[in-house]
Amino acid sequence: MTTLLEIVQPSYLLFPALLGTLILGLVCPLVGSYLILRRTVFLGLTLPQIAAAGVAFTFWLQQTGLLPQLGQGEMGIAMFGSLAFTFLGMGLLGYLEQRGKGLAEGRLAAAYALAGGLTILFMVFNPAGQVEVLNLLKGEVIALSRGELQLLAGVFGLVFVAMLMFRREFLLTSFDRDLAFLLKGRQIIWDVLLYLLAGLIIAFGVIMAGPLLIFGFLVLPALAARPLVNRMSSFLALSSVLGLVMAFFGFYSSVRLDLPLGPTDVTLGCCLIFLAYALRRISPQRSLALIILSLIALWSPGCGSNIAPVPVPEAKTLGEKTVWLARVKNSTALTLLLPATNPLRSLAEMAGKVSSDYRQSVMDLLRESLKTELEQRGFRISLPEEKDARFAAFPADTGTAVRVAREGKLSGFAFVGEIRRWEVEAQKFVRVFVDFKLIRIDDGAVLWERRIQRAVPTPSATNLGQASADAVRDIVRELFAL
Amino acid sequence: MKYNRDVDEINSARESGLIPQPLPLVSLHDVSVGYDSAPVVQGVSLAIYPGSLIGLAGPNGSGKTTLFRAILGLLPSLGGSISRACPLSNFGYVPQSAALDPQFPLSASEVVEMGAYGRVRSYQFLPKSEKGRIREVLNQIGLPHLAGRSFFSLSGGQKQRMLIARALMVDPKIMILDEPLSGVDEESRKSITDLLIQLTREKNIAVFFSSHDLEMVQRVADGIVRVDHGQIQLEERKARLQP
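Sequences listed follow chains Y and H, in order. Its first residue numbered 1, the first sequence is counted upward by one per residue in my numbering. Its first residue numbered 483, the second sequence is counted upward by one per residue in my numbering.
Bound conformation, chain Y alone:
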């Protein structure tokens, strides 16, 4: 299991993702603070949704042939759509604001609903590309490459510097527009600049991290900081610090518990808000003690040593008895068919969106690899379905597996596996959650079991099928401690 110290090592596979999340956590709350203070917080919700509609729109255009296919340039296309729709949406909302028609909240709510609807419609129009669009909109910051990290650092660094440099102007125009006019003249330039910076981080952030995470980073740290401070400078600083805390511990929890990053971060951010209001009710000394205890509690299990996993037992410990190697059960919602040459079609097939002829699946590949490895180690391997065709689908839980094996008059041992999660992330790694068990059929005793739940790096994979094959190889290596 990944420890707290492990994830801060530059050599760690997901280190770029950690840095990316920290950058989001540092910069987004600075902009979000002003959105909250100006009571335009729903802009932080609406703009990411508009950006998402832009991503779906450009992919649909590409599918219709109006935009060229750029191979690996999905990110660039998505970025273009996200930026174009964000600034178009901001311009339209600004125009309606100037016209002063209707309630500001009403306009934002309608824009949010429209953008959400359009996002879904554009995806429906483009079934072959649904998975890519969904992946982009899920915003897997976890799959951030070093190049994308550099782009993120550049854009967000620029926004960070601008937010610091023009903090007085942003404060003055937000707090007292009349005084801003008297001291600095027409203040529209500062409004435009602030919303431009917000649009920039939202358009880029949605592609890198998804709408949910961006909205979370924009508003949650600032909402948590607000009850704790009475100075603007402290408010901005604490918002950023809490953003960093949310980013770091959210990332750590996500990796450690194998949870999706966006929802984990957002949940943690909401916890920070409750904690902030709780801390406000107690004395500063007790608050400090509570914070230190919380950090120790988070740190301790994170730094703890790992229990060494047990490899598959030696063949001789089983005597000469047969090991029935069952088909690996697929408990995911996906078919996990290994893709053919067309990556777009294959993606849709893996998600079960379009029909396909028979192809080898991840489960097949995993069992073949296990069979080869077990046979090389001297196990007597048999396949249950060769004895009885009804064993093509073999249960994975111990009780049922033993009952079914006995009913089918199998004797010896059953080797069962179950895939609970198998997600290929942009060919860079595969998120896996697979259980294996070696069960003695006579008495139902579990002689060995192993759970592999982590991101398996697949750096050399050039397509999604190869990424799955590499992940299978890695899992088998781990099981046999190769």
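Misleading hints may appear alongside valid ones.
So, partial list: chain H residues that the calculated Cβ filter (under 8 Å) puts toward chain Y [claimed, not checked]:
| hint | residue |
| --- | --- |
| 1 | TYR575 |
| 2 | PRO584 |
| 3 | VAL602 |
| 4 | ASN686 |
Derived coverage of chain H by chain Y (criterion: at least 3 residues anywhere in the stretch with Cβ under 8 Å from a Cβ of chain Y; other residues may be distant) [claimed, not checked]:
| hint | region |
| --- | --- |
| 5 | 548-561 |
| 6 | 589-596 |
The hints are simulated quantities; they were obtained by calculation from the structure and are not laboratory data. Idealized CB from N, CA, C, for every residue including glycine.
Following the hints, position chain H against chain Y.
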């Protein structure tokens, strides 16, 4: 009161030509102000001189704030002309504290500091001289001990004095105060009016303030501008109003 005697002496000296006539800081000639072409106040002609303390009296909704906004250039006038002898950055404006959003986490000193923003460049840290000036104006209003307190946790009177301090930070030639005594207890009223009188007498700053309390305005101001039903009446008391 001593300052009344001083003003009377100055006025008689000016009338006798011993002291040269100063130029008005703001002159309004037949000005009409309002919203969407509908005038709220019409036919305003007045001039405000350095060192004068003028009260704008009238009931709520009579157009006092609208007239102030026009003088400050925040609202275009519907007719007439407004001329200013100093740039807008030399106007110290004190809005009603209730008009400011309590959502903002601001200390009193941060609010006062805003008055210096016109002089500080974006990339600069606040210079030491400005920090010294903040301490100076806080001493001037008698509230240096509240500098670190949350602005919105202060009492109504304290907030008004802090906003006056912010207006003083711009080194104003003229201060315009919108209902500075509204929602303020009697003790704070006295300290605020004393402060305004002191500013006109000692710093030669022109002060133009509004109130719906005519009696109080009559007690404090050198001259009174009464606004009612869209019309203006000028009442000269101790200083010059009409050019």
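Okay, which hints does this one fail, numbers in order? Violated hints (numbers, rising): 2, 4; every other hint is consistent with the structure.
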